Every structure is written in C-alpha cells, then in structure tokens.
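The primary structure of each chain is shown beneath.
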Amino acid sequence: MYIIQNALKNLVRNKGRNSLVGIITLFLILATTVALIINSTTKEIITDYKTRFGSKISFSVDFDKLMSENVGNQNGTMSVPSAPKITSEQYVQFADSKYLQSYQMDMLARIGIPQLQPVGGRMGGATFFGEDGEQSALSYDVKLLAYSDTDNLPDFSEGLRKIIDGTMFAGKNECIISSEFADLNGLSVGDTFSVTEVIGRQEITLKISGIYADATQATPDTIEGVIFLDGSSANRRNEILTVIDTLEQNFEMNNLAVNAEYELKSPDCLDSFTAEVREKGLPDVYIVTTDVESYNKIVSPVEGLSKISLLFMAVVLAIGGVILLLVTTMAIRERKYEIGVLRAMGMKKSKAAIMLMAEMVTITAICLLAGLGVGNALAQPVTDALIAGQIKTVGELSGGGQYLQNVQVHLTPEASFQIGSIALLLALLSSAAGVIFIAKYEPMKILSERN
Amino acid sequence: MGILTLDHVSYQYEGTRKKVLNGVMMDFDPGNLYVIMGKSGAGKSTLLSLISGLDLPTEGDVLFHGKSLKELNRDDYRAKSIGVIFQGYNLLTNATALENIILSMNISGSRIKDKKQFAMELLEKVGIDQETANRKVLKLSGGEQQRVGIARALSHNPDILIADEPTGNLDGDTEENIMGILQGLAHEENKCVIVVTHSKQVSKYADELWGGKSRNFGFC
Ligand SMILES: Nc1ncnc2c1ncn2[C@@H]1O[C@H](COP(=O)(O)OP(=O)(O)OP(=O)(O)O)[C@@H](O)[C@H]1O
Ligand SMILES: [Mg+2]
Chain A
1083 MYIIQNALKN
1093 LVRNKGRNSL
1103 VGIITLFLIL
1113 ATTVALIINS
1123 TTKEIITDYK
1133 TRFGSKISFS
1143 VDFDKLMSEN
1153 VGNQNGTMSV
1163 PSAPKITSEQ
1173 YVQFADSKYL
1183 QSYQMDMLAR
1193 IGIPQLQPVG
1203 GRMGGATFFG
1213 EDGEQSALSY
1223 DVKLLAYSDT
1233 DNLPDFSEGL
1243 RKIIDGTMFA
1253 GKNECIISSE
1263 FADLNGLSVG
1273 DTFSVTEVIG
1283 RQEITLKISG
1293 IYADATQATP
1303 DTIEGVIFLD
1313 GSSANRRNEI
1323 LTVIDTLEQN
1333 FEMNNLAVNA
1343 EYELKSPDCL
1353 DSFTAEVREK
1363 GLPDVYIVTT
1373 DVESYNKIVS
1383 PVEGLSKISL
1393 LFMAVVLAIG
1403 GVILLLVTTM
1413 AIRERKYEIG
1423 VLRAMGMKKS
1433 KAAIMLMAEM
1443 VTITAICLLA
1453 GLGVGNALAQ
1463 PVTDALIAGQ
1473 IKTVGELSGG
1483 GQYLQNVQVH
1493 LTPEASFQIG
1503 SIALLLALLS
1513 SAAGVIFIAK
1523 YEPMKILSER
1533 N
Chain B
966 MGILTLDHVS
976 YQYEGTRKKV
986 LNGVMMDFDP
996 GNLYVIMGKS
1006 GAGKSTLLSL
1016 ISGLDLPTEG
1026 DVLFHGKSLK
1036 ELNRDDYRAK
1046 SIGVIFQGYN
1056 LLTNATALEN
1066 IILSMNISGS
1076 RIKDKKQFAM
1086 ELLEKVGIDQ
1096 ETANRKVLKL
1106 SGGEQQRVGI
1116 ARALSHNPDI
1126 LIADEPTGNL
1136 DGDTEENIMG
1146 ILQGLAHEEN
1156 KCVIVVTHSK
1166 QVSKYADELW
1176 GGKSRNFGFC
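If you read the protein sequences in the order shown, they are chains A and B.
Numbering-wise, my numbering comes out as the position in the first sequence, counting from 1, plus 1082.
Numbering-wise, my numbering comes out as the position in the second sequence, counting from 1, plus 965.
If you are wondering where the hints come from, they were derived from the structure by calculation, not from laboratory data.
If you're wondering where the values come from, they're calculated on a predicted model, not measured in any experiment.
Heads up, some of the hints might be wrong.
27 Å max Cα-Cα, derived DSS-like pairs, lysine-lysine [to be verified]:
1. A:Lys1091 / B:Lys1032
2. A:Lys1527 / B:Lys1045
3. B:Lys1078 / A:Lys1527
4. B:Lys1035 / A:Lys1097
5. A:Lys1431 / A:Lys1097
6. A:Lys1431 / B:Lys1165
7. A:Lys1180 / A:Lys1433
8. B:Lys1101 / A:Lys1091
9. B:Lys1078 / A:Lys1433
10. A:Lys1347 / A:Lys1389
11. A:Lys1527 / B:Lys1032
12. A:Lys1430 / B:Lys1101
Cβ-Cβ distance ranges computed for the label pairs, FRET-style [said to hold, decoys possible]:
13. A:Asn1458 / B:Ile1077: 44 to 50 Å
14. B:Gln1082 / A:Val1456: 42 to 48 Å
15. A:Glu1126 / B:Arg1076: 56 to 62 Å
Glycine included, C-beta positions come from ideal geometry on N, C-alpha and C.
Model the full assembly from the supplied sequences, consistent with the hints where possible.
Printed below as a string of structure tokens:
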C-alpha cells in the first residue's frame, strides 16, 4: 500500500521529469485516439456498405458466350439466338441458400374467374405466350399476386392501398380484393370464390380476409387516340393478393411468373453462391454478379481515410515511442539515485519496480483520460478535413461521381479497447528503462557510481 | 563469534584492476562502539557497504550471527537488521525529511502505529525541528541532511548501526550530541555501532579502535 502512496507522491515530487513524459504520452494517446476512432468508424461503414451494397445479386446473359455457343446454328441469316430461361422453379430453389442474407420474391398466377365479373368488364382478357415458345395464346381475367415480404407490400407501404374491411391475409388460400371488385360482385369479408389458373387449369377456392381501398392508377397511361384492348387483367382494381404459399402449393411452379431479388450475406459469398446456383441448374450463359463496382467507388474515399489513419498512427507511435524511450533513458540518472537509495533502505527489487510502474501507469492513465476526451472532440473535424481531401484525389483520378461524403465518427468499443492497449504499452515503455535498471544492478553499484 | 564477522573479505570494483580490500578479518560484538580510521581512498566506505549488504565481497564472507550474507535475504537484512548513515547521506532529495523517515519505517515493516509522530520525535532528538522536517531534503544544509540520515538509520531500531563520517559536516557541539547518542545506543541499548571517521575527536568515543597506525586490518 505504501508503495502506491509513495508512487503517487513521486508524481508531484518529480514534476519536471513526469510532465515531460506526460506531454509525450498525451500527444501519442491523442494521435492514437483520433486515428483509431477514424479507423474503427470507417471500418464499420465499409462493412455496412459491403452488406448493404455489394451484395445484391443479378443474373445477366453473357452475350459473347451465347453467340459463340450458337455459331453452329447460323445459316446465313442474322438472328439473335435466345437464351434459355431461368425457370420459376429455379428462382424459388435459388432462394433457399445459406449464402443469402435475404431475398424478395413475387409471383403472379394468371387466373380466370368464370363466376365473377372483373372490373371494367371482360374484354377478352390479355393474351400472352406460354412457356417454351409454344406460342399458344391464352387469355385470362385477372392477376393473382403473391409477395414474400408481406410487411412491405408495394402500394400498401406507400399508402396508396389500405385495408378498409377485415384483415390482411394470413394463411394459405386467404386473399384480399379491392373494394371496387367486391362491390361489383357483391363480395364481403369471409366469402369464398373459386379461381382457375389458366395454363395448368387447376381450380382453387379463395377466402376473402380483407378488402382494400385502392388509390393507384387503375390502368396504364394510354397514348391519346390509341385504345389498348389490354383487357381486365391490366386493370389494377382486379388484382387479388395472397401469400406465396397459395401459389406455390396449388399451382405448377413453371406456369407462374416469378420475380426474385437476392441479397448475399457479404460480397465475399459470391463465388460460393454462384457454384450453388449452377448446381441447381442455372444455364451456363448466365453470369452471376453483384454491384461491387459501384460499391467500390462510393466507398473508396472512406477506405483511403481508413488506411491514412492507420499509417498516421503507426508513424506517430514509432517516432513517439522512440522519443519516450530516449527521454526516460536519459532521465535514468535521476532515477538511478532514487532507486539506489530505496534499494539501500531495503526495498525489494519487485516493490521498487511496482512503484516505478505505478508512477508511469498513473501518468499514462491521466493522459489516457485527457487524450480520449480531446481526441474524441478532434476526431470529427479531422475526419471531415481528411475525407474532403480524399474525395478530391479520388475524384481527380476517376472523373467524379457519387461518394460517401458524411462520415460520422464515434468512439467504438473496439477503438476504446485498442487505445487502452496502446496506453498500457506506452506505460510499459516508459517504465522499461527503470525496471531493467532495477533488475540488473546491486544498490552498491548504483550509489557508488554517483558518489 | 560476534554479531558480525568479516572473514577474509576482499573487494574489487568492476572494471578496475586493483583490489580495494584484501582479506579483511574483523569481528564485532553488540554493546560496543567501534571506530575505523584510515586514509582517504583506503576503502572504508567500501567496507561499510559490504557490511550493510549493498553488495557481496568478491572473495570471503560477511557473517551475520554466523550466517553468510550470501545465504540471507539481503533486502530484509538491510531493511530490518542494519541502519546505515551514509557518507553522502543517500536521502530522497525530492521528498521531505519526515517522508524519508516514514518511508524507511514502511520498508522495514515497522509496526509502530503513529509513524509520523515517532519519526518527528526521532528528528527532534537529532536536532531537526518541525519546520525543517517538512522541508524537502534538497533544501536542507549538509549538516541537517546528515542528521536526517542519522534519524533514518535509527528509525527501524536495528541491531547494527553503521556510520560513515557521521559528524563530517557538524560543528563541535552537534558532534558531541550525535556521538553521545551513538554511544548511548551501544552501551545502554546493546547495539553494535561501527563508525568510520577521520576525526581524532570522534575516535575518543571508541571502545575499540581500528586502522590508523594502530593495526593493519587489510586495507591495501
Ligand atoms: N564505483 C567505483 N568504481 C571503481 N573504483 C571505485 C568505486 N568507488 C570507489 N572506488 C575506489 O575504491 C577506493 C576506495 O574507495 P572508498 O570510497 O571505499 O574510500 P574511503 O576509504 O571511504 O575514502 P574517503 O575517506 O575519502 O571516504 C578508492 O580508490 C576509490 O577511488
Ligand atoms: Mg568514504
């Protein structure tokens, strides 16, 4: 106990020596704090962008490959070969992957409603061409739509559609219909009606769980003077909404239209995901890509900042560490005598070392507190200045564009830990010369050399 | 065999060619005041350093109660069994006189409750008043520092007291006072007191006198 007390008294007794060590340590901790705050925040931002940005999957046709594979088919006429389609079933299968963070899928079944009337009248329905280029025109009355993300249904989240009676569908074969469609057919919540998928001809019965008011534009814009006989299926008041299960479990998957968006857990999963979807039958002519390019570009100033901050810290610590070591080694003359006296009085080597370290740890702790406070305040303006510089250089190199401009830095737990470790290291460094001295010499040598 | 025995003690400083001490044989008993005299540079301070366990002899042995210091814990020996008044005082110059005494008591593991009070009494005994006691050693005169050194050597009540020119910086009256205290410790408290000096005046207090022309005890 008296060891620590004496160490604390020594702080004041040896003001001159200690303030020099303190100033150097404070400066080092300050620089470290600013650098590490910037570094850890930018790392967070980069990881965040990586997961949000560089992970959206897209399948695109590799036209060079497509053409070369179809070279044999060329018979004088110039024709663009068509790529094999990714089937709806495959889209659903691709979604089941451990490399995905999330996916969004919507499905469409084209259905007929023989016992009911579509809004706007049955105008022969829309025609479309079936799968496999079989070119058989089929007509249908209305669209039965399903979305994987039922919490964020399009138009509902924007406020254009709203449930006004009953509730949102909850399970398989439940649906919601527009108020116009309900009024026209005299339907209300709890009623059932049957629909038929027009390609596979399966008939199912849907139960109305809710009715929505629809403020979306009913039909697509028409060009003046031209009448589109698109039929009732293009009228949005006729859209019947249900859960994915209703479509997936009742109908033949490949008779449905599927739209899917996948997001990887991280861009690094791209290769594994690609291998997986190839195995699941993705045709060779498709290439799987993520939006890494634009991610890289947006993030590049921040990445530069991250590197600069680390480099800055390394240089400052290296130079400062050497200065600290020099100063404490030079101050050893005074220390030497003190150590000699204490040892002559019978203080054990270990206690003398503890006393010296307690002194340095206290100085460092004070510097750590001050450094954290001031460093925290300085980090933001320094970041702003640095990022402006980075954007300028990157912009000159790549001809401008969109970048991350506002980087809000803050003291992360990771940075606090690192700063603490470096402070500890500095404390060890500044007591190193003294401790080595204590360990090495007998008090007689220390004292006789002075006297 | 006495409390302290020097058995063929030789010492050579690192990096020098000549032995400072060569085969010194001495025996010390409690209750006596020993005075060692010798020319400057003869090796008196070196000898006292070895007695106080600041280093080990290059040859021979220092025995405390018949046990070699090589086998004893010399930190404990210094802290508890021996009190040294150094020629160069060896006080912590940035601390006050009082703090120096209290620190020494702490190191020796002293059980005294009110260390401050005890230290102050000791300082008063050697003629240091309260104001002086609370001043940094740096700001004390040579004689005052010497007296603080004496108080420190007494602070942990050691069996052996060693004094290297303890009155070198003191006037005649103070010298008498200090030597009186040391003699009292030897005769009344049965301590073993060893004093090194140039002063004929001091040598008068000796129960046993070594060195000078009286006896050659191995100084080179
Ligand atoms: N650290 C050292 N390294 C080398 N030689 C030393 C060292 N300390 C002392 N000496 C030498 O050892 C010899 C004895 O020194 P010591 O201090 O013991 O003499 P002393 O008898 O106490 O003299 P004085 O009466 O002047 O105090 C001297 O010649 C001195 O120069
Ligand atoms: Mg001497």
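To see whether the hints hold, each was checked on the structure:
1. Note on Lys1091 (chain A) and Lys1032 (chain B): the hinted pairing is violated, with a Cα-Cα distance of about 38 Å set against a maximum of 27 Å.
2. A C-alpha spacing of about 21 Å is found between Lys1527 (chain A) and Lys1045 (chain B), which places the hinted pair at or below 27 Å, so the restraint holds.
3. Pair hint Lys1078 (chain B) plus Lys1527 (chain A) does not hold up; C-alpha atoms about 35 Å apart against a cutoff of 27 Å.
4. A hinted pair counts as satisfied when its Cα atoms are at most 27 Å apart, and Lys1035 (chain B) with Lys1097 (chain A) does not qualify at roughly 39 Å.
5. Using a Cα cut-off of 27 Å, the hinted pair Lys1431 (chain A) and Lys1097 (chain A) holds, with the two alpha carbons roughly 24 Å apart.
6. Restraint check for Lys1431 (chain A) and Lys1165 (chain B): not satisfied, since their Cα atoms lie roughly 39 Å apart, outside the 27 Å limit.
7. Simply put, Lys1180 (chain A) and Lys1433 (chain A) have alpha-carbon atoms about 57 Å apart, too far for the 27 Å limit, and the pair is violated.
8. Distance check on the hinted pair: Lys1101 (chain B) and Lys1091 (chain A) sit about 13 Å apart at the alpha-carbon level, within 27 Å; holds.
9. This hinted pair checks out: Lys1078 (chain B) and Lys1433 (chain A) have alpha carbons roughly 22 Å apart, not beyond 27 Å.
10. Restraint check for Lys1347 (chain A) and Lys1389 (chain A): the C-alpha separation of about 25 Å stays at or below 27 Å, so the hint holds.
11. With a CA separation close to 24 Å, the supplied pair Lys1527 (chain A) and Lys1032 (chain B) stays within the 27 Å bound.
12. Annotation: proposed proximity of Lys1430 (chain A) to Lys1101 (chain B) holds, straight-line Cα distance about 25 Å (limit 27 Å).
13. At roughly 48 Å, the beta-carbon separation of Asn1458 (chain A) and Ile1077 (chain B) lies within the given 44 to 50 Å, and the hint holds.
14. One distance hint, 42 to 48 Å for the beta-carbon pair Gln1082 (chain B) and Val1456 (chain A), holds here, with the actual separation near 45 Å.
15. Between Glu1126 (chain A) and Arg1076 (chain B) the C-beta distance comes to about 58 Å, which sits within the given range of 56 to 62 Å.
When the structure is compared with the earlier hints, violations turn up for hints 1, 3, 4, 6, 7 and for no others.
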